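Protein chains in written order, with the working numbering: chain A, 1 to 108; chain B, 1001 to 1108.
The hints are simulated quantities; they were obtained by calculation from the structure and are not laboratory data.
It is possible that part of the hints are untrue.
Unchecked claim - Below 35 Å or equal to it, Euclidean Cα-Cα: the simulated DSBU-like pairs (lysine-lysine) are:
| no. | chain 1 | residue 1 | chain 2 | residue 2 |
| --- | --- | --- | --- | --- |
| 1 | A | K6 | B | K1037 |
| 2 | B | K1009 | A | K6 |
| 3 | B | K1009 | A | K26 |
Unchecked claim - Partial list, computed: chain A residues near chain B (C-beta under 10 Å):
| no. | residue |
| --- | --- |
| 4 | T3 |
| 5 | K9 |
| 6 | D55 |
| 7 | T57 |
| 8 | Q64 |
| 9 | S67 |
| 10 | Y93 |
| 11 | S103 |
Keep in mind it's a predicted model, so treat the numbers as computed, not measured.
Built from N, CA and C at the ideal position, the CB exists for glycine as well.
There are 2 protein chains.
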Amino acid sequence: MATISKDNKVVTLINVFTIEPENQQKLAELLIEATEKGMRHIQGFVSASIHRSFDGTKVVNYAQWRSLEDFEAMRQNPEARPHMDAAAALAAYTPILCEVIDSFSADD
Amino acid sequence: MATISKDNKVVTLINVFTIEPENQQKLAELLIEATEKGMRHIQGFVSASIHRSFDGTKVVNYAQWRSLEDFEAMRQNPEARPHMDAAAALAAYTPILCEVIDSFSADD
């Protein structure tokens, strides 16, 4: 589970992958495996949530890192490389590095 | 605050707005106001979290609705219309309707 709040001191990476529908499941499984075996063990990892679009054409990874420094260090980490390369070979992607500026829930 | 979990029975809308950097703040404020005054009072609203990209070119709304039916009803709701039109006039957007298939956190 992950939480979204403007009070969380995290850096957010929203990575939108555009994919052929016949490869959507394969890409989703690859990202789940990459997170389980690689990313979650890297310093500064906070969370990663994998989403599948209903129309079959997108997979979105909503990921949180403790700081920009941790995120940049992960990008240089050889342990992260094979998974990122495999995902990149399968799909076009748009990584959006961002911060939460406000969050509302029905319970507020 | 919002939570992301594959056990949450929600529909997720990740809406990626692409914007001129000089209009990023204006769009973010518009989406925050739309959520506060409009969206959060509509039946089936669960959460909405507004993100600003560090490079200035994106705003992302990560929103959760109780069901696909509630989401579709919101889209037909005249109360939601003026805000959606104002955002659409300001920026190109890519709405991704999706579901969480897995979520990992450092605490798991």
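Indices of hints not satisfied (ascending)
Numbers 5, 9 and 10 - these are the hints that the structure violates, sorted from lowest upward.
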